[in-house]
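Given the coordinates of chain A, assemble chains S and X onto it according to the supplied hints.
If you're matching them up, the sequences are chains A, S and X in order. Just remember that this note's numbering sits 1 ahead of the position in the first sequence, which is counted from 1. Just remember that this note's numbering sits 116 ahead of the position in the second sequence, which is counted from 1. Just remember that this note's numbering sits 8 ahead of the position in the third sequence, which is counted from 1.
Bear in mind the hints are in silico, worked out from the structure with no lab data behind them. Glycine is no exception: its CB is placed at the ideal position from the N, C-alpha and C atoms. Watch out, some of these pointers could steer you wrong.
Anything over 10 Å on all C-beta distances counts as not near chain X; from chain A, calculated [claimed, not checked]:
| no. | residue |
| --- | --- |
| 1 | 23 |
| 2 | 29 |
| 3 | 453 |
| 4 | 471 |
A few chain S residues facing chain X, derived, Cβ under 10 Å [what the hints assert, rightly or not]:
| no. | residue |
| --- | --- |
| 5 | 120 |
| 6 | 210 |
| 7 | 252 |
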Amino acid sequence: MSLPLQDLCRVAPEIVLCAFAMLVMLLAPIVPRARHGILSTISVLGAGIALAATRFPAMYPGAAYSGLFRADAFSLFVHWIVCGAAFLVILGSTSYLQREDLDAGEFCALILLATAGMGIMAGAQELLTAFIGLEMSSIASYILASYKRDAPRSNEAGMKYFLLGSFATAFFLYGIALFFGASGSTRLDMMTPLANDSARTLLKMGLGFIFVGLAFKVAAAPFHLWAPDVYEGAPAPVTALLSTGPKAATFALALRILADVGAASPLWFWALWVAAVLSMFAGNLAALVQTSLKRMLAYSSVAHAGYILVALATAAATDHAEAGIAAALFYLVGYALVQLGAFLIVAQLGGPGERHVEIEDFAGVARRQPAMAACLSLFLLSLLGLPVTVGFLGKFYVFNAALESNLIWLAILLGLNSVIAAYYYLRVIVAMYMLREPEQEIAAEPVPWTLSLVLWIASMGTVYIGLFPARVIGFAAKAALNMR
Amino acid sequence: MTPQIAVFLVLAAMAVAGAVSLILQRHPIHSALSLIVVMVSLAGLYLLLGAEFIAAVQIIVYGGAIMVLFVFVIMLLNAGEEERTNVSRMARFVGVPLGVMFLLEVAYWIARATSHLAPPAAQLVSTRDLSTLLFREYVFPFELTSFLILIALLGALVLARREDSD
Amino acid sequence: MTGNDLQSYAPLLLHLTLAMALSGVLVLLSSLVGWRRPSTTKSQPYECGITPTGDAREPFSVKFYLVAMVFILFDVEAIFLYPWAYIFRELRWFGFVEMILYIGILLVGYFYLWKKGALDWNRPAVRRDRAS
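The following block holds chain A by itself, in its conformation from the complex (with noise of 0.2 Å):
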């Protein structure tokens, strides 16, 4: 057996990935603490290189490593969210380092070694293969979420991340398990007609046990509860990723057993129904009454999965499976772009050791700092789902979708929630530019060009594609189709 050339390329994001990180780990003991800045510098290169290098995969599409990883069209479109969330985080989290005195290294390398994990779920063919990807990302993210080890709560965010991830680990390998005893393997596009009943009950448990450790790793209801306080405790760089990279990796692992494994669908459909309703009242209506914007978004976030679960669920309606993986990968897109332009301003704004994250302290920011309230307003604009931004867009493809493969109640209560969402998301804005600013006065640091230029491509990003997104929601359909 030897190893074509042709498998190295199908997998080439995440060697540069790993290579990078390595790279940074051997420097990180060597470069004074003084110089830290390199590492960011390179690591943010190979987050760069990384997007570069998916031209590889996609001059050699098909399955790589006797089948257990497949580089096609879908993955690939995943592998450009987490590869640009990872870019933009490492990017804009380095003056957040620099202030927090936290290590710059350990930091980078951790993000890239967490990134070559999403990009392994997203392209994963078998369970077991899909595992590691999956614990290569959400390892790294535990450590990430207590990487401030002085301060109590993001050691708790960790602990409290650490443990029940775990449990849901533990149901998602369970899963695994009981599919391997019905069907006799772990491979996914491989499924093999069953045998008799039992085997038929087997997989049924085993996927009921897989999907709720996904749901867990996405953060739906009712698998919700640790987010908020992972989400607040974390330092906010963290946040930006863990609500964008694991979850668009964990959303595109679902979507792949959905399409591979066609006893999933008819079992998954109420499951992810539920699940859908569920996150998007949980999270618009604990998010009404938050008073930290860091909390907030946690339950944002929460109701966003939501909306994507509904773009889930119409997939699994079988009949316009294509329209509803399109819509739940175009909404990745935008959301990513979003939320992570949104908690990147939070840590900006929240000043030393975020301090000012309440959202009473964003009182006043318009005046102190313009370009920042005009970026996350614009931000909270499209989580919202105005018109012109991606947000809006987003939605529009996840409604329409639903409404095709008439699910006309879900489209409703989707509806319905964006309409409570808005209370939310305009009052930061109302407080932003019409409230008086506190009584002491909040220092209005300057904001670091490489900040700068992260939100610029975020902001870019949302406007542009809110205004032209064909090319987007195109190679998202294409993506969609290539995995029938």
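Relative to the frame of chain A, chains S and X by itself:
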């Protein structure tokens, strides 16, 4: 009753008893020792299934190395006897019944599914088969595990490091 | 699996039984044969000298934990060498290259630990020079 079933029952009873004792013991060290019983009985169960290599790994890694870590943590924290806290009402009156229900349901479905399942053809997975599978077909996940270990290394250092007290 | 397969583990069971029996008998014998008359002075660490104060169980240094953790990680690595060695000859160069790659990746981790001073017992657990 075939000897297999007899051995299985003994080992399973040991594993369950160890697990229950692990939870009920008040002293962390006693809990850790109960865990060893669980690990060793599991190794026996793997042996019964013909997975010799996995049984050996179970003893070396879980029964040996992981237990060392447990004992170290207990000594690190200097943990004495646990104090019992009042479990929240929600957990006691909603969580416990739901958990028990879930467990019974899973057990019921597995029992139902496997009761009329034909016993699998006697196939002993030798260590050689395992190696061939691991190093030929599963090369990719195998190499990935090394990165998983790297992440764990980074985590150990990030979380367990001690700052200079200057 | 047939009954015969189970019998092949009989020596193992015998060994286990013997070991447990021996240790049990030894403990039992020593408590039966020997006699004890404990007193306060006898159970103190030093019969004469300073009277002990405080708890004997001091909290451990986190250094031990770090070493234990690193030990486990490399233990897991070493476990993979057994099945690999089993079919090393059949795999030929392919097997050699994949194991070299595997160990090479972990060597990066080892180098990182070393340079960070995690293996250095006398220094603080991790060297971290301040920016200023």
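Which earlier hints turn out false for this structure, listed by number in ascending order? Result: hints 1, 2 and 6 break, sorted rising.
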